[in-house]
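Student: Here are the chains, one letter per residue:
There are 2 protein chains.
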Amino acid sequence: MSNFAVLGYGVVGSGVVELFYKNRESIEHKAGDKMDIKYILDIREFPDSPYKDKFTKSIDDILNDGDIKAVAECMGGVEPAFTFVKACLEKGISVSTSNKELVAEKGAELLEIAKEKNCNFFFEASVGGAIPIIRPLHKCLAANDITGVAGILNGTTNFILTKMIGDGMKFDDALKLAQDLGYAEKNPAADIEGHDACRKICIISSLVYGRHVYPKNVYTKGITDIKLEDVQIAAKWGGAIKLIARVARLENGKILPFVMPMIVPYDNLISHVDDVFNAVMVCGDGIDKTMFYGRGAGKLPTASAVLGDVIDSVKHDRTVFSQMWEPSENNDFVEDWKKFEAHMYYRVSCSDYYGVGEKIQKAVSDMTNGDDRIDIIETGDKSELCFVTPSMSVYESESFSEKIEGFGGKVVSTIPVLM
Amino acid sequence: MSNFAVLGYGVVGSGVVELFYKNRESIEHKAGDKMDIKYILDIREFPDSPYKDKFTKSIDDILNDGDIKAVAECMGGVEPAFTFVKACLEKGISVSTSNKELVAEKGAELLEIAKEKNCNFFFEASVGGAIPIIRPLHKCLAANDITGVAGILNGTTNFILTKMIGDGMKFDDALKLAQDLGYAEKNPAADIEGHDACRKICIISSLVYGRHVYPKNVYTKGITDIKLEDVQIAAKWGGAIKLIARVARLENGKILPFVMPMIVPYDNLISHVDDVFNAVMVCGDGIDKTMFYGRGAGKLPTASAVLGDVIDSVKHDRTVFSQMWEPSENNDFVEDWKKFEAHMYYRVSCSDYYGVGEKIQKAVSDMTNGDDRIDIIETGDKSELCFVTPSMSVYESESFSEKIEGFGGKVVSTIPVLM
Chain A
0 MSNFAVLGYG VVGSGVVELF YKNRESIEHK AGDKMDIKYI LDIREFPDSP YKDKFTKSID
60 DILNDGDIKA VAECMGGVEP AFTFVKACLE KGISVSTSNK ELVAEKGAEL LEIAKEKNCN
120 FFFEASVGGA IPIIRPLHKC LAANDITGVA GILNGTTNFI LTKMIGDGMK FDDALKLAQD
180 LGYAEKNPAA DIEGHDACRK ICIISSLVYG RHVYPKNVYT KGITDIKLED VQIAAKWGGA
240 IKLIARVARL ENGKILPFVM PMIVPYDNLI SHVDDVFNAV MVCGDGIDKT MFYGRGAGKL
300 PTASAVLGDV IDSVKHDRTV FSQMWEPSEN NDFVEDWKKF EAHMYYRVSC SDYYGVGEKI
360 QKAVSDMTNG DDRIDIIETG DKSELCFVTP SMSVYESESF SEKIEGFGGK VVSTIPVLM
Chain B
0 MSNFAVLGYG VVGSGVVELF YKNRESIEHK AGDKMDIKYI LDIREFPDSP YKDKFTKSID
60 DILNDGDIKA VAECMGGVEP AFTFVKACLE KGISVSTSNK ELVAEKGAEL LEIAKEKNCN
120 FFFEASVGGA IPIIRPLHKC LAANDITGVA GILNGTTNFI LTKMIGDGMK FDDALKLAQD
180 LGYAEKNPAA DIEGHDACRK ICIISSLVYG RHVYPKNVYT KGITDIKLED VQIAAKWGGA
240 IKLIARVARL ENGKILPFVM PMIVPYDNLI SHVDDVFNAV MVCGDGIDKT MFYGRGAGKL
300 PTASAVLGDV IDSVKHDRTV FSQMWEPSEN NDFVEDWKKF EAHMYYRVSC SDYYGVGEKI
360 QKAVSDMTNG DDRIDIIETG DKSELCFVTP SMSVYESESF SEKIEGFGGK VVSTIPVLM
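Top line first, the protein sequences correspond to chains A and B.
Numbering-wise (numbering that gives the first Met the number 0), the first sequence opens with residue 0 and increments by one.
Numbering-wise (numbering that gives the first Met the number 0), the second sequence opens with residue 0 and increments by one.
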């Protein structure tokens with residue numbers, strides 16, 4: 000018999016309990032052992048719960064029981080989750096977590112303790128909810144040199160952008176709808192300003208490139224500035240604006256992680272990932288590219304990922320070394336994000352459409368030794384010039400914007416294109 | 000040091016050798032052990048190969064070495080692969096294979112031997128090439144009750160259909176292009192008649208539902224009858240014709256696997272999976288739905304999957320029980336495919352467009368107690384009536400087709416819609 004405990008009986012924790020008892024028989028078959036939930040930790044009272052006898056307010060009950068093989072941590076936030084998880088791992092109890100803040104801030108330290116104590120710290124549920132991505136990255140794709148990962152890692156912002164794209168809603172209206180439907184919090188900052196996606200790309204970057212990447216070192220821009228006009232002009236050009244979290248390894252050996260809105264061309268499958276769904280595209284030298292898609296959040300989808308990890312904890316009591324990364328305080332292997340190069344979408348307000356257009360065209364021709372031109376998007380509105388540039392770095396784009404202002408244009412929007 | 004052997008030095012086998020030596024350092028890191036390829040088995044001579052000292056023509060060299068921890072089987076076909084793989088497993092040597100024929104025909108038997116000998120028979124590469132699907136299904140999604148799996152499991156046919164959809168090519172021309180590009184064999188039957196996809200859905204069905212499903216018991220229809228006209232009319236309605244391999248569990252406990260062309264509505268991500276790419280959508284009670292996408296074939300993509308399994312073999316020397324299924328000779332748990340229910344696309348040739356349309360509309364109204372109607376697709380051509388019916392079984396569709404003939408219409412095409 001393998002007993003486990005659930006920390007936190009909120010949305011995800013209660014989902015873990017529900018899904019476990021619903022599919023207990025097949026879960027036990029897959030784990031190769033009888034299983035049960037012995038404790039549920041929560042500071043609140045649940046007198047009417049069918050599981051009321053399992054509730055405890057003290058982590059010590061779990062730590063001192065001696066018969067707990069695994070713990071599912073679904074509390075969220077760094078503390079007290081960190082203290083509790085650390086204590087479990089130090090007792091040699093494997094922990095599976097859905098807590099992205101915890102992994103993004105303390106992953107390296109907790110993995111190190113798990114290694115010392117020969118148990119596991121699993122975190123499949125911390126990125127992409129139901130989507131299997133952590134295990135495929137370090138197992139199925141283990142033979143690959145991973146050159147980059149890019150995707151949609153936040154469902155709330157994807158829902159908002161989908162409503163802007165598909166229904167022509169303005170950002171504020173789409174946000175309000177997301178809040179009404181329960182997809183966005185009352186204070187939606189963590190989602191719409193990109194911090195949630197940032198934590199997730201930090202976890203992926205750390206796992207893939209082997210050193211802990213901290214959220215504070217990753218350029219993060221949300222979707223609050225995205226205008227309906229740009230969404231519609233991007234569609235004319237042939238792409239969808241999505242909040243993209245991305246990391247790539249550069250030729251100099253550094254990595255370049257970021258979160259920002261990008262235009263995704265329609266021939267990239269990510270552009271068709273809509274509503275609250277998430278997707279992660281992985282590029283490697285063996286696979287070329289492979290994508291994982293599914294619900295990035297929600298009660299049962301996240302619980303599914305946590306329980307998958309718990310089952311693995313029960314089956315394998317040895318540390319999974321391939322899921323380790325090194326601590327790295329200064330993150331000096333993270334490249335300056337402004338060196339990122341991409342085609343850039345521009346919307347330029349101007350009184351002299353053809354005159355400014357000609358000057359911009361000439362400037363681009365000069366920058367590329369006559370090799371390249373801008374790709375003008377015909378909108379029918381001659382008060383604004385919209386176009387996509389050849390590939391340039393963010394630094395180059397900044398000085399290009401200055402040139403445009405010099406030509407008498409006013410740069411309204413710039414959005415990089417995901418290629 | 001963990002030595003392994005590669006059986007077969009064709010496209011996939013040579014890819015395994017290439018990818019292993021390219022990424023050896025990181026592969027060894029992930030395996031937690033030094034690794035090398037000690038033997039490559041092939042009946043042919045490779046005197047100019049840098050690995051010429053590793054070649055052998057005799058499986059006995061590998062079986063009797065005593066120092067081989069894992070084998071990558073990349074020969075293809077049932078024999079002699081089956082005899083060789085069986086002999087390896089009986090010696091307790093774990094085998095990872097890319098051979099879908101072998102797994103579809105002999106999976107249950109080989110898994111049973113692996114269990115007896117406490118080693119592993121892995122087959123991630125046998126379905127979906129580079130796409131991680133086997134391990135996610137039995138590990139990451141282990142907490143789910145899987146209600147169905149559907150996808151595009153053959154790259155050659157998807158390339159042909161993409162060319163018909165995107166470039167307006169006729170089937171024969173698209174097939175010729177696929178052959179010229181090396182995507183289709185000179186004798187393309189296994190691909191275009193659906194047998195390749197059938198083997199893969201058999202493997203998925205066996206793994207998900209726990210009993211061996213044989214290809215001969217799975218209804219399989221290829222794409223040779225697909226007309227460019229239907230592709231174009233489907234696009235007008237809002238969907239793409241794809242060769243879909245699907246299995247679902249029915250309320251009576253039986254399963255319903257099949258391979259056939261279906262119209263996939265554009266709001267289903269599968270409709271946007273183009274060229275030689277594959278994708279597998281999995282539905283479960285926890286995850287709702289999740290999709291895996293990538294290259295379904297090719298040298299390095301398939302090698303990536305084989306090597307991922309080899310690395311796991313080296314790391315875990317215990318049998319993975321969750322990847323087992325039971326033998327089942329008669330397949331009486333496979334439901335009659337004609338009980339499958341779907342909306343049906345019809346193209347009906349008729350001299351009296353409005354008269355026949357009215358009769359069909361009335362027949363559908365009678366079948367659904369006045370609740371439902373056909374969804375007529377306006378093509379501008381009144382010599383053919385094109386529409387999508389309410390949901391009906393294949394049996395019902397057959398008698399509905401007879402009725403249409405009675406009304407004076409000639410049924411040119413029927414294609415079910417994937418919902």
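In case anyone wonders, no lab produced these hints; they're calculated from the structure.
Please note that the accuracy of each hint is not assured.
One copy or two, either will do: identical chains are not told apart, so a pair holds if it fits within one copy or between any two.
[What the hints assert, rightly or not] Dumping the calculated SDA-like pairs for lysine to any residue here, alpha-carbon to alpha-carbon at most 20 Å:
1) 162 to 265
2) 53 to 137
3) 51 to 351
4) 56 to 326
5) 114 to 28
6) 116 to 62
7) 169 to 253
8) 21 to 137
9) 337 to 184
10) 21 to 147
11) 116 to 326
12) 226 to 216
13) 105 to 214
14) 226 to 165
15) 288 to 25
16) 288 to 411
17) 253 to 324
18) 21 to 249
19) 235 to 165
20) 85 to 409
21) 358 to 402
22) 116 to 31
23) 114 to 314
Student: Any hints this thing doesn't respect? Which numbers, in order?
Tutor: Violated hints: 2, 3, 4, 7, 9, 12, 16 and 20; rest satisfied.
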